[in-house]
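Residue numbers (the working numbering): 15 to 490.
Think of the hints as simulated: they come from the structure by calculation, not from any bench.
Hints are supplied without guarantee of correctness; some may be wrong.
[Claimed, not checked] Restricting the straight-line Cα-Cα distance to at most 27 Å, the calculated cross-link-like pairs of lysine-lysine (DSS-like) are: (1) K301 - K285; (2) K301 - K478; (3) K334 - K165; (4) K79 - K334.
[Stated by the list, open to error] Derived Cβ-Cβ restraints for the label pairs, each shown as a range: (5) N239 - Y140: 28 to 36 Å; (6) R85 - A288: 35 to 43 Å; (7) G399 - R85: 43 to 51 Å; (8) I395 - Y140: 51 to 59 Å; (9) F376 - Q81: 44 to 52 Å; (10) G458 - Q81: 24 to 32 Å; (11) L155 - Q342: 26 to 34 Å; (12) Q162 - E368: 49 to 57 Å; (13) D75 - I461: 21 to 29 Å; (14) S287 - I461: 29 to 37 Å.
Nothing here was measured: the structure is a model prediction, and the numbers come from that model.
For glycine and all other residues, C-beta sits at the position ideal for the given N, C-alpha and C.
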Amino acid sequence: RRRKRIVEPEQGTGATERFLMSVTSGIQKPPARATFILISALLFDLIAFTCILPLFPSIIDFYAKPQHRDRLYDIFETTTKIFQDTIGAPHSKQFNSVFFGGILGSLFSALQFLSSPLFGALSDVYGRKPLLLLSIFGSLLSYFIWSQASKFSLFVLSRIIGGLSRANISIITAIISDIYSEGQISNGMALIGIAFSIGFIVGPMFGAYLSHSSRLFTTDDPLYNIAANFALPLTLIELFIVLLFMSETLNPSKRKATITDVWNNCAVYVKPSALFRFCAVSNLVAKREVLIMRAYGRAYFIYLFIYSGLEFTLTFLTHKRFHYDRMQQGKMYVFTGVLMMLLQGGLVRRIPVEKLHQVVVFAIALIIPSFITIAFAETQIVFYGGLTLYAIASAIVVPCLTSCVSNLASAHSKGATIGVFRCLGALARALGPLVASTLFWLIGPTICYTIGGITLIIPFFMVKNIDTNRANVKIE
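Using the sequences provided together with the hints, build the complete structure.
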């Protein structure tokens, strides 16, 4: 049965739009232009968001300089020394930047964990567009503060506002669920994955290049604002794209009646036990589907807890072990991003719904040797071999798992379902970087990555043992 058109394609579309439409050739035509607008906005967002990634180790070192450190940085350093004394660790500053980076990374994701599902649930009441605009405006404010952050405390403030505003991915994922039929949601998720890959290619490369080239024209270190000044106009463009060109995708007949349900059940969006039980949607989805969601949710959390911690410390590993500068960090992101984009554009979007589960199992199995290889890599060739396996698995796991869960939700509960699922991911990312950075700081990268690679066996078997055809899944 054909779905109602969201936006009619216009005549005389440009080359970029024709390219995106060719990527969506296996997708029904009605949402093609709506998809183009949505993915375009997402691309600007991701390029702005990722430009900081290759700079993060250098930024932490930048704020350690006497002229840029302030009271908050001193508190961080004092707390670190107290922690070292408590656990009997030697007072070595070699990996302090990793530990500080882990704290900031976990703080950002912890705030995202609080805001993401609430934004998703509110979008089920008020519609997707208003909440998406609010999220983008928050990101814009965070980049402005970052552009003025000559001191550490202002940089931390920008990360706090950015974390609270980082709910747009959940809303965009819900929009994909609105405009695609159940059997085609995996295609839409693959397009989001492609946008992530492009963002992780272009953003880090621009961030590294601008930081590197700006030093040719000034004696001042521009780290605190060069990437922010790049992210600001991109986010403004994203804001105008959504404001002027995007239509509301959630039909009023499918919205929740009032905000009362959201506020009365606010705890189910932030309380971990309620999240793992998918309480926000347990009365909106059939019991069997809820039980399968819970099984996927537990596996997803453990996987992303381990994965996100190792992913976050990767730039610190290359900075310490291979002495990568910002440009080399940027090239590393280009390498992984290109691989992920090719896979998501050519493979992931073509995976049939009934094969999604098996593909996730394969991808998790693939990432185990990738981290172990990276752990022991002492040469560039071996490191990039492990990085190749890492990129392949990264391109598959999260988009396919998201599709698996989204396909279980009813039309009027997809926003809340995906919000809860993304929130589990944000909770994992709130804990993962801090734990991995602490291990990296205490025992070094080799043992840290080896432990991480081996423990990924746990989510592998958890997903493998989910029987999506069985009605009587065990209730935890």
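Fill in: Pairwise beta carbon distance, R85 to A288, judged against the given window 35 to 43 Å
For A288 against R85, whose Cβ atoms are near 37 Å apart, the range 35 to 43 Å holds.
Fill in: Restraint check for K334 with K165, where alpha carbons must lie at most 27 Å apart
Given pair K334, K165 holds - Cα atoms ~24 Å apart, limit 27 Å.
Discussion item. Hint check: K79 vs K334, CA-CA at most 27 Å. Holds or violated?
Written reply: holds, 18 Å
Practice prompt. With respect to the beta-carbon atoms only, verify the hint that L155 and Q342 lie 26 to 34 Å apart.
Written response: holds, 32 Å
Worksheet item: Within 27 Å, alpha carbon to alpha carbon, are K301 and K285?
Response: holds, 21 Å
Item to complete: Confirm or reject the claim that D75 and I461 have a C-beta distance inside 21 to 29 Å.
Response: holds, 24 Å
Fill in: Pairwise beta carbon distance, Q162 to E368, judged against the given window 49 to 57 Å
holds, 52 Å
Worksheet item: Does the Cβ distance between N239 and Y140 fall inside 28 to 36 Å?
Response: holds, 35 Å
Fill in: Hint check for R85 and G399 - Cβ pair distance inside 43 to 51 Å
holds, 45 Å
Worksheet entry | Pair hint outcome, K301 versus K478 [Cα-Cα no greater than 27 Å] | Answer holds: K301 to K478 is near 21 Å, not above 27 Å.
Worksheet item: Within 51 to 59 Å or not, the Cβ separation of I395 and Y140?
Response: The hinted range 51 to 59 Å holds for I395 and Y140, with Cβ atoms some 52 Å apart.
Discussion item. Looking only at beta-carbon atoms, does the pair S287, I461 fall within the given range of 29 to 37 Å?
Written reply: For S287 and I461 the Cβ distance comes to about 32 Å; the hint holds.
The structure fails none of the hints (numbered hints given earlier).
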